[in-house]
Amino acid sequence: MHLEQRTGPVPGLVYATVRQGMTTRTFPIEVRRTASGHYISRMPDNRWSIECLTVEAALLMHAAVLFPIEQELSPWLSNPKPAPSALSNAAGPIKSPIADGQGPVPAPQKTLKQKTDANS
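Residue numbers (numbering that gives the first Met the number 0): 0 to 119.
None of the hints are false.
Distance ranges between label pairs, derived from CB positions: (1) Glu-50 <-> Met-21: 28 to 38 Å; (2) Gly-7 <-> Thr-33: 14 to 24 Å; (3) Arg-31 <-> Ala-63: 13 to 23 Å; (4) Gly-7 <-> His-37: 12 to 22 Å; (5) Ala-56 <-> Thr-25: 17 to 27 Å; (6) Glu-55 <-> Thr-22: 12 to 22 Å; (7) Arg-46 <-> Gly-11: 15 to 25 Å; (8) Leu-65 <-> Thr-6: 17 to 27 Å; (9) Pro-27 <-> His-1: 17 to 27 Å; (10) Phe-66 <-> Arg-46: 17 to 27 Å; (11) Tyr-14 <-> Asn-45: 16 to 26 Å.
These are calculated hints, taken from the structure and not from any lab test.
Don't be surprised by glycine CBs; every beta carbon is placed ideally from N, CA and C.
From just these sequences and the hints, can you work out the full model?
See below:
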């Protein structure tokens with residue numbers, strides 16, 4: 000994925016032309032600068048991205064969500080070792096000690112009447 004062109008002020012609305020393979024698209028992306036001097040972009044779901052060192056990285060983060068991702072082109076997305084399921088576990092499903100009543104017991108809370116009696 001490559002950023003071909005960007006136009007617009009930072010902070011503000013930036014038009015980014017992004018190319019992936021033979022496909023080129025132009026997206027309007029809102030970009031802001033953080034207090035630490037990094038850049039964030041508004042993602043398609045209206046949340047802000049994580050902080051990026053450059054404006055280009057923030058724009059590409061937004062564009063990566065909108066482009067279809069082929070697993071063959073992104074081998075890091077595959078999971079060669081999936082987590083074992085609870086059904087395949089020979090010892091049975093994992094149980095929470097708190098659900099079994101074996102977890103830490105909370106300290107008893109004093110009522111307001113007990114607190115005022117203690118202060119008198």
